[in-house]
Each structure stands twice: as C-alpha cells, then as structure tokens.
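Chain A is already provided as a structure; the job is to place chains B, C and D with the ligands on it using the hints.
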Amino acid sequence: MEYLSQRDETLPDLRVNIGSLELANPVMTASGTFGYAREFENLMNLHRLGAVIVKGISLHPRVGNPPPRIVETACGMLNAIGLQNVGVDRFITEKMKYLAGLNVPVIVNILGDSLAEYVEITERLKGVPGVAGIEVNISCPNVKKGGVAFGTDPAMAASVTAAVKKTAGVPVMIKLSPNVTDITAIARAVEDAGADSLSLINTLIGMAIDLKTRRPALANVIGGLSGPAIKPVALRMVYQVAQVVSIPVIGIGGIDSTEDALEFMLAGATAVQVGTANFVNPRVTEEIIEGMYAYAEAEKLLTIRSIIGGLQTKVASLNPFEQPSC
Amino acid sequence: MEYLSQRDETLPDLRVNIGSLELANPVMTASGTFGYAREFENLMNLHRLGAVIVKGISLHPRVGNPPPRIVETACGMLNAIGLQNVGVDRFITEKMKYLAGLNVPVIVNILGDSLAEYVEITERLKGVPGVAGIEVNISCPNVKKGGVAFGTDPAMAASVTAAVKKTAGVPVMIKLSPNVTDITAIARAVEDAGADSLSLINTLIGMAIDLKTRRPALANVIGGLSGPAIKPVALRMVYQVAQVVSIPVIGIGGIDSTEDALEFMLAGATAVQVGTANFVNPRVTEEIIEGMYAYAEAEKLLTIRSIIGGLQTKVASLNPFEQPSC
Amino acid sequence: MSQYQEKATVVRVEQFSEKNFRLTLDCPLIAESAKPGQFVMIRTAVGKDPLLRRPFSIHQTSKAGRIQIYFKVVGRGTHILAHVKIGEELSVFGPLGKGFRLNALAPAVIVGGGLGIAPMLFLAKENSRLKKNCDNDLIILGAREKNEIAPLLDDFRQFGLKLLTATDDGSLGHHGFVTEVLQSVELPAGCIVYACGPEPMMAGVNEICRFQGIPCQVSVESVMACGMGACLGCSRPAKKGTYTHVCLNGPVYDAEELIWNI
Amino acid sequence: MSQYQEKATVVRVEQFSEKNFRLTLDCPLIAESAKPGQFVMIRTAVGKDPLLRRPFSIHQTSKAGRIQIYFKVVGRGTHILAHVKIGEELSVFGPLGKGFRLNALAPAVIVGGGLGIAPMLFLAKENSRLKKNCDNDLIILGAREKNEIAPLLDDFRQFGLKLLTATDDGSLGHHGFVTEVLQSVELPAGCIVYACGPEPMMAGVNEICRFQGIPCQVSVESVMACGMGACLGCSRPAKKGTYTHVCLNGPVYDAEELIWNI
Ligand SMILES: Cc1cc2nc3c(=O)[nH]c(=O)nc-3n(C[C@H](O)[C@H](O)[C@H](O)COP(=O)(O)OP(=O)(O)OC[C@H]3O[C@@H](n4cnc5c(N)ncnc54)[C@H](O)[C@@H]3O)c2cc1C
Ligand SMILES: Cc1cc2nc3c(=O)[nH]c(=O)nc-3n(C[C@H](O)[C@H](O)[C@H](O)COP(=O)(O)OP(=O)(O)OC[C@H]3O[C@@H](n4cnc5c(N)ncnc54)[C@H](O)[C@@H]3O)c2cc1C
Ligand SMILES: Cc1cc2nc3c(=O)[nH]c(=O)nc-3n(C[C@H](O)[C@H](O)[C@H](O)COP(=O)(O)O)c2cc1C
Ligand SMILES: Cc1cc2nc3c(=O)[nH]c(=O)nc-3n(C[C@H](O)[C@H](O)[C@H](O)COP(=O)(O)O)c2cc1C
Ligand code: FES
Ligand code: FES
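Chains as they are written, first to last, in my numbering: chain A, 1 to 326; chain B, 1 to 326; chain C, 1 to 262; chain D, 1 to 262.
Note that these hints are calculated values from the structure, not bench results. Wrong hints could be hidden among the right ones.
Lysine-lysine pairs mimicking DSSO-like chemistry, simulated, CA-CA at most 27 Å apart [what the hints assert, rightly or not]:
| hint | chain 1 | residue 1 | chain 2 | residue 2 |
| --- | --- | --- | --- | --- |
| 1 | D | Lys19 | D | Lys72 |
| 2 | A | Lys97 | C | Lys98 |
| 3 | D | Lys98 | B | Lys97 |
In isolation and in its complexed conformation, chain A is listed as follows (with noise of 0.2 Å):
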C-alpha cells in the first residue's frame, strides 16, 4: 500500500499485517484519546503512526454527559464523556478530509445503539475516501434488548458484526468489551461472523465517590476505568483470545511505553492501540515507535512479526474461567 513506499530499508522492519491492511508499524491511537489527530499536528509527527483510530462515530450528532466526566484513580482514570461526537455525517465532510491527508491509514470507530444504527453509519463511510478500515465498538447498550450492551452477548455480538461487515467494504475491526464472563466466547461469536481482526480491551465499568460531597465522581455515576491500572486485565484476554481466534487481535490497555507493547505482542497481538498515555505524554506514540526500532535493532529482528505470540510458556491453552485468586 502507499502508506509503505517510504520505508527506509536501513531501518528494521516494523510492519504488520491487520488482514489486508498494512501498517508501518504495530503502533496506533486508541480511540477517544486522539481526538481526530489533528489535535497533535504540532506535537508530534502523525505521519509516522501505523495507523490512527478516531473518536466514536454515532449517526447523529451527540453532546456528551454533564461535567464532571473524568475523573483520576490509582494509576488510572475513569471517563463518562458520554460519545460526544459530530455525527457521522459532519466527521465526512469536516474531519475526513484532512485525515485523508495523513499518510497512515485511518480507522473509523463507530458506536452505535441498534443493529440498524450501526449498519447505517457503515453505509454512509462506505467509498469515503482515506477510510482504510472500520472499529465497531460493541460495548454500547442495545436500546431494543433492554440495554444489554451487544457485546456482553455472543449472539448480538455476532449480529452486528456480520451486519457491518455485509456492508463496510473495508476491513473491519470489532472492538470487545472486558466486562465479560468469558471474552474468548465473544471473540470466537466475532469471528466467525466475519470479522477481519478484534481489539481488545475497551475499558472495565468503575465508579469513584467524593467523599466531602458524598457525591459520585462523575455526574453519570459510573465510567470507564483505563490507563495503566487495567493493563494486567487486558494483557490476559489478549492472551486468551489470541489462543482462540485465527484472526489477528489488537491489544489495548494501559499501554505507555515500548516495553507494554511488545508486552502485548509477545502475549499475541499483532499491533497495539494508545489511548490514555496520549494524554500524559501527547508524543508517547512517536516514542514507542522509536523505542521499536531501537528494540529489534538490539535483538537483532528482521522483523517484529518475530515476536507476536512468542510468549514462552509451557502452559498450552487457558481455561477461560479459572480464578486465580479463587
């Protein structure tokens, strides 16, 4: 692909395979944490992303939830932004334009609160120039069945997977939620209705109480807990599920430095997603790629395929639902 014609041949070899998307390297944004990139024109190169993955798209415009709607616990954060976002429609023609400009492929995340919802959203990115691939973030509540989010659900998981996928035209990327009994049965339901890869994790439902108001720390009570406190979590079921699936599987949580990532890579993920980190160190990205080159540089790797899934263990499969602690 064209993102690929620059690649300086001294450097080591940083590319993966998402399915039929290639990236520069295994590095991208996590989405809701990058804005539509370009918040970080001035702050670091975005040219050199393997790829960039943008806020949730909703078929209409959504304002958000009422401040406040962060809020920071122990090594990490909760968020209730509520999907605020422009809509699918105004994110075409106000923000995909210069995203096309980027000479990464762009990943579109949509969410959205029935199966119709998310197939009409896939239609109208359908042939919008620069969109290279689609992340369906299933963690949404599904209004018609009570609010079960889809993918807490084999079934609906599946449903609207094979729905977007009939539609999209590109590759698309099914992004699982945590707060699950056993993630491996979503992550098979995904595959076999279509999916072309699976991200992992979105972020684990917590909540925070101020204590002096005796109030909770968000005005909607609960929120999504990430940074590098959940990344034990997810570090595990991108482990299980990459044992499960034959697709390949992104792994996101609490990643802030090369090491996590590679971390990740070994335990089976072929590329990995940024989200909070962004916010500590809007250039941290940049630096993982960095420290990627200098990594394969020093163990000297024609490529960093090399290492996914090359955790050395003599455990041959987990049970998904043993409790360690039990």
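The following block gives chains B, C and D with the ligands in isolation, referenced to the frame of chain A:
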C-alpha cells in the same frame, strides 16, 4: 455479643451488624492477606479489628503454586499463591485456638473444587469454638463442570450457597468473583439461596509478562489482580449489588485508607475488608479504624451506620450492562 | 499555535504561606510563546501515580526563558509540587488554551480572588507593556487572609496600576469580598473587566459588569486529563445549550457565554 | 521477635559507583533489635506506585540507632531510593526474617558476591564481637569490578579478619570468581561458611562445602510482597519437596536445605 462488651461509650459508635453477627467496627482483614492473624500480633492491636478473616482453607492441605507467585503491577499486584493452606483439620487443631482467644469474631474463608468439598469443610468447622462465621470463596473452578468457576454461574453459585448454609450453623458470607458479565445476577441468586451476607470483590484475573525472558511473570501464567488499581471496579460492583439485594454487602478492593473504606460504605457496604494494603502497612487496619472514629467525631455521626448507602445520586438504579465507554 | 513538552528545571521555590507556593521553571519555548490567561499541564509524579498532569495558569514569564506558577496545595499532585527541589526537572506542557484578549486602548480592571490571582500578574504585565499608560487601570486582589496576597504585592505594584485589596478576615485591605470593592469603586469609562477566582466570585463580577454594561472576561477551571482537546473531559455547560471545552475554548471566556456552577 | 515500622530519616547518602549506593537511616528500634542476615522492607514511593515495599539486607547497624543498606539500582524502586535526599523520611519495616546462626567457637569463612556483600559487613562485625579472636577467620568478597568492592574494604578490614577479593574483570584481587578463591585456599578446620550472592555463586559455594564436609549457611532472595509471612508470595522450592517462605524461614538457610535456581 461479648466482643462488644468493652465498648468505650465516650467514643462514636462504629458497630455494624452483618446479619446476626455484630462487629465492633466495620473493618475486617481480607482472606489471604492477613495469614492466620498471629503474624500481625506484634505489629498492631488485633483486638481492635472488626473481624478477622483467615486465609482460605481447603479440605486437604495444599502446597500452592511454584514461584514466582507474585508480581507488582501499576498500583496493584498479581498473585497466584495457589491456595497454599494447612487444610481444615490442621487449621482447627493448630490455628483456631489462638484465633478463638482473640477478642474479635473470626470468619473462616473456605474453598473447594466440588460441592461436596465445600460441604465437607463446613461440616468439620461446625461447632468449632471461635468460628463466628464462614466466608465462601466461590471463585474456584468446579472440576466437575469442566473447571468453570462456581462464582461465574448463578445456578452453581446458588447451589454452593444453599449447601453450605444448610450445614454451617453460623452466618454464611458468600464472596463474589468480579470476573463476570453481571454481578447482580450472581448476587441475587446467592441471596435467594440463603446467603446471610455478600463480600466483594475477589481479584480480577490478570497477567504480566517479563519482556527480558519473554515469559509470564508468574509461574502460573495468570494471577489475581488486587490493590488500589482495582478499587474503581470494586466500588462500582458494590454499588450495583447493594441496590439489588437486601442482605448486608461487604466491600473489598484496593482499600488502604479511612476515606476508601467510607466510600465503600457510602456505596452501600455495611463493612469492608482490607487486603493488599496489609502488605504495605501492617498497621493499616488499625489506622483505618482510628480514622473512622475521627471522621465520625468530626461529622458528628451518632453511629457510623448512618452513612451506609448514603451516596447522593439522582440516578435511581443502574443497568448492570451499561458500558460507559461504549 | 505552538505547544511544547519541555523538561523544565526548577530554578526557584518560594513558600508564601503554609499551603501557597510559587515555582520558577526554566522552559524557554513555553515562556516565549505564552500569553496571559494560558496555562500549562505539569507532571507531578515520576511514577504512574498520580497519573495525569495538573493544570496551572502561567503566573508570569521572563525574558530569561522562565515561567512561574503560583499554586496552593490541595491534594496529592500539588503536595508533590510543593516538595520539589531546586535543580529537579519537571515535564511541562504548554502553553495551552485561549488567553485573555487584551485591548491597547480600553482601561483594564483586573480582579483576582484566591488562586485566581495566579494568571493576573502575567495579565497586568502584558497590559502595561501594551499601553502608553495605565493611569486608569485598576487591580483588585482578594484572598482569605493577608499572607496569601502580601508577598505578591511588590510584583503587582511594578506596573503602576492602582491596586486595591480585600481579605475575608480583614487582615489586609477591605474586610470582605473583592466583589464589594468592585461595586464600591467608580469603574473607568469604556473599561474591560478581567476576572479569575472562585465561581461565586466570578458570577458576582459578571453580575456587576452586566448591570453596568461592561465587557467581562473570566478564566474558569474544569477537571482536565489532556489539556489540549483530545479527551473531551473538560466540558462545562455554556449558554448556547451545549458544552464548551475549557482547555480549548477557554480557560478565558466572555462571562456572558457561561453558566455558573453555584 | 519484635518488628517495627519506623519513619526513618535519611542521614547519609553514599554513591560508590554509577549504580551502587549506600544509605544510612535513623531507625533506633530496628537498629537495636537487628541481627546479621535479617532484612528490612522499605517503601520507596510517596504515592501508590510502586506499591510494594522493597526488601534490603541490613548492611550494618550502629549504636547511634542507625542502620545502613547497600544496594544497586535495578528498577523503579531502587531508582527512587538512589535519589533520596538527606533529611527525607522513609518508612522502614523490620528487622525481618531469620539471620545467620553465629558460632562463637567455629572459625568463620564469609563469602559475599555482588550485592551479596551487603549483609556480610554486619555479619563480620557481630562475628568479631562474639569471639576472642578472629585470627582464623576469612572474608572473600567478589564483584564485577573494583568499584563495587573498594569503597567497602576499609569497613571490612576493621575486624582484623583476613580479606581476599575477586573481580570478574581482574581490576581487584583474583581475576575470576569468589568460588575459585574459596576453592584455592585452605579452609580452617571446623569452620562455618557463610555465603550470599547470585544463585550460581551460592550453588558453587554449597558444592565446595559439601565436598569438604563444611557446614554452609546462605542468604537467598525471592520476590516479596509483605516480608512477614502474610502473603505466602515468597515461596521457594526446598529439598523436602515442599515450599519454604524466604521471609519467614529465611533469608538464611543451611545450604543443604535448598534447591538452586540455576
Ligand atoms: C486552567 C486551569 C488553571 C489552573 N491554575 C491554577 C493555578 O494557577 N494555581 C492553582 O493553585 N491551581 C490552579 N488550578 C487548579 C489546579 O489544577 C488544581 O488545584 C490541581 O490540579 C489539584 O491537583 P492535586 O493533585 O493537588 O489535587 P487532587 O488530588 O487532584 O484533588 C484534591 C482535591 O482538590 C479538589 N480539586 C481538584 N482540582 C481542583 C481544582 N481545579 N479546583 C479546586 N479544587 C480542586 C478535588 O476535588 C479534591 O477534593 C487550575 C486549574 C485549571 C483547570
Ligand atoms: C531478603 C532480601 C534481601 C535483599 N537485599 C538486598 C540488598 O541488600 N541490596 C540490594 O541491592 N538488593 C537486595 N535485594 C534485592 C532488592 O530487593 C531488589 O533489587 C529490589 O527489590 C528491586 O526493586 P526495584 O523496584 O528497583 O526493581 P523492580 O522494578 O522491582 O525490578 C526491576 C528488575 O529487577 C529485577 N529484580 C527485582 N527484584 C530482584 C531481585 N531481588 N534480584 C534481582 N533482580 C531483581 C526484576 O525482575 C526486574 O527485571 C534483596 C532481596 C531480598 C529478597
Ligand atoms: C477519554 C476516553 C474516551 C474514549 N472514547 C472511546 C470511544 O469513543 N470509542 C471507543 O471504542 N473507545 C473509547 N475509549 C476507550 C479507549 O479507546 C481504550 O480502549 C481504553 O481507554 C483502554 O486503553 P488505555 O488504557 O490505553 O486508555 C475511550 C477512552 C478514554 C480514556
Ligand atoms: C496474596 C493474596 C492472597 C489471597 N488469597 C485469598 C484467599 O485465600 N481466599 C480469598 O477468598 N481471597 C483471597 N485473596 C483476595 C483478597 O481477599 C481480596 O478479595 C482481594 O485481594 C481484593 O482486595 P485488595 O485489593 O484489598 O487486596 C487474596 C489476595 C491476595 C493479594
Ligand atoms: S482536557 Fe482533554 S479535552 Fe480538555
Ligand atoms: S513475602 Fe509475604 S509471606 Fe514472605
């Protein structure tokens, strides 16, 4: 009850009731983080505790997992101790005598890999002097059901509860696993099956990798995540569960200060358990209790019970499936 | 609009009261491009806890490439900052946000309450730089007690503006609120009021200005994760019935745009 | 067996090489009750990250109520410790574990390799205190290079024991391993060998001692969360086919009890 006979009437009233069990204050030690209590006798005044919960006891002694068994993570730790314990018989002969001499209720945490094992342990504990209650760890895999953890399935969780309750003769506290899609469903099933109280959360399943060796950081590959990192998840689950059950809820997860403990009580917990924090500060439970007296005095509370469930929120109830970062 | 992440060396630490501190930081790129009312995000911990940067108004810049922040210890992040030593390095990100819109002709009335004093020194300096004279300009500083203002008076006096003070306990200047001072003085014709402080104070200033038909710019706060438009966490309801993002659209607003959190 | 959590003031910071540091801490209760081979757990962060305390052998105690630790920067916790300033306070918990079992009559052969040197100064001191004379006693210290040992030599020499050294690069003493030195010298009859260092070194010492029928005590490491028997995290396979807990049953063991991790 006799424990309370020494209550100093000039101090605020910190007493709480866990069903028929009265505690001098809401602060207990979480299973597996306080040994068999004696380890702490030179470090703090054990007699000031609300209750002691001992390391999980199985029917037969277990040597536990090979090392490494623990690894630090961001604001937390993973453990895969592997349920090392002396077994119920030696527990009764070697440990209970000392524990019974403490001026505080002793709650015995039990675990098993079959219904029969849970029942057998309960039977052996029956009538043992000093056993004030049983906490049932249901995060263990049911070997007869392919290793699915009891605590991840409402029906299995209910059956363990009913069986232990029938035998126990003392109050039964069921300790819930957080690694589930809908913890309120398990909570309700367990309440219906006769649980006297619920404690939550046990550890989240996580994993860590050593990049240098390309191996899992724990010999057991996966482990249980505990400490401040998990507090937002714990608080959310306690809040959700407290809204759907009418039996007392005991909050656990990342508590290391009086403020943390009080937040759990605002969320609906009648009492709390302190785990990982004991490792960082062996006097932490006593300090939390001191802080509660200070808080109750400063806020002029006649009784600490007045803050239980006192969270001010306009949201009447939460959909347990709602995914905030959807 | 350029923003920088700089490793800033701490060159001076001043403690004004038990909880109030001023730090001088060597970060030439930020110092050079900063405007009054803009802010910086500072990492307080070396480890991952506290995780997020903390926002602070730019109190002052110097030609020597330095900036100052003036802050109060309220929690863990500011506690750590209060304990930094000279020579240590801090990661500073900025300048961020939209600052005050200065006017070379209109008289300025600058009102700072509590930590809202922080951005006002920079504002007063730029204001005096911009103008032929500041004879009609006025600064009103308020705080709980004398110690929170007194150490800054010399700095504020250097611009030759008229300076009034108010303290809650009467230990310096007017015994009461800055809003009372504002109400009691005759404001120069055609002036602009610039205010920063607690929400009730700014709401009061806004009220007074609206009544007298005086334009009023205020600098407000919000919780922030990124400080640069990426997280959408710093929302605040605005009058047009939608949310404004303080880090991008603010922290300085026309007072009339906002709904007050009181 | 008394253990204390003390707020210990840092009274001295010594840097011996790029990564090797020695801290002197004022913690009278711990200093008074400590025995050679015991250790302390130290909190390195003010915040919650890194969360757990870090274990360090007690390098030396003083009658003035001080203890020393001698350590190497290997990760985040030790990095923070290497940057503490005089006057800062650290939370120190100890003394923990079972120390060396000294014998007033048997000649002592003390072998320390790398950071395994840390507990040996305290051991050498107590050993010399206990005995009429140390004429038959011997210390062998090994490291990668001179700088890791040289600064400690004066401290070790004060007890009048015979002292031999070895370095991997030959920059001080024998060019090679301490085990080679141990093998090459004639060990005094009826002696006890005390060793601390990397696992392969201790395994080697164990081997030599077994061959010569000499009792050997070793101090070993393990990851630790609590340091006092509460977490059961510090397990290590032992010869009897079960696990031993280093913080309670160790860190000092009869070498024959252990299985080596090599
Ligand atoms: C644009 C902007 C400019 C600012 N400029 C300054 C400045 O110049 N000087 C200064 O001292 N502060 C300033 N602040 C506030 C400052 O950012 C906070 O005081 C700081 O982030 C608190 O961090 P902490 O870790 O100490 O407190 P935390 O541990 O985060 O919070 C401790 C307590 O303080 C409360 N708190 C947190 N943030 C604030 C806040 N913004 N205002 C009031 N209470 C808060 C919390 O609710 C909590 O109860 C500014 C904030 C913004 C958004
Ligand atoms: C009883 C006991 C006594 C000790 N005495 C001393 C002493 O006197 N001086 C001293 O310098 N150290 C001593 N140690 C080792 C010391 O505890 C560790 O070096 C320290 O905990 C590392 O903390 P960190 O945060 O810097 O590294 P981490 O960030 O925790 O780890 C960084 C890297 O170091 C490795 N690492 C962690 N712990 C150890 C370890 N114990 N040994 C080797 N590598 C490790 C990790 O695997 C990781 O790769 C002792 C350990 C024990 C159990
Ligand atoms: C402020 C914020 C907003 C987010 N918005 C979205 C979103 O719109 N769509 C989505 O799929 N995930 C969203 N996420 C989740 C992240 O993409 C990511 O999955 C999660 O934060 C875990 O990664 P991290 O720990 O690196 O942040 C958001 C996360 C944060 C912190
Ligand atoms: C080292 C360790 C051992 C534990 N062992 C048990 C156990 O035997 N039984 C049990 O029910 N929970 C066990 N737990 C879980 C704790 O009781 C507690 O539920 C969990 O750690 C969360 O609380 P915390 O964050 O305060 O540690 C263990 C936790 C740790 C860290
Ligand atoms: S603080 Fe992140 S958008 Fe304003
Ligand atoms: S370190 Fe906790 S038992 Fe040894």
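- Message: Under the constraints set out in the numbered hints, which ones does this structure not fulfil?
- Response: The structure conflicts with no hint, since it agrees with every one listed earlier.
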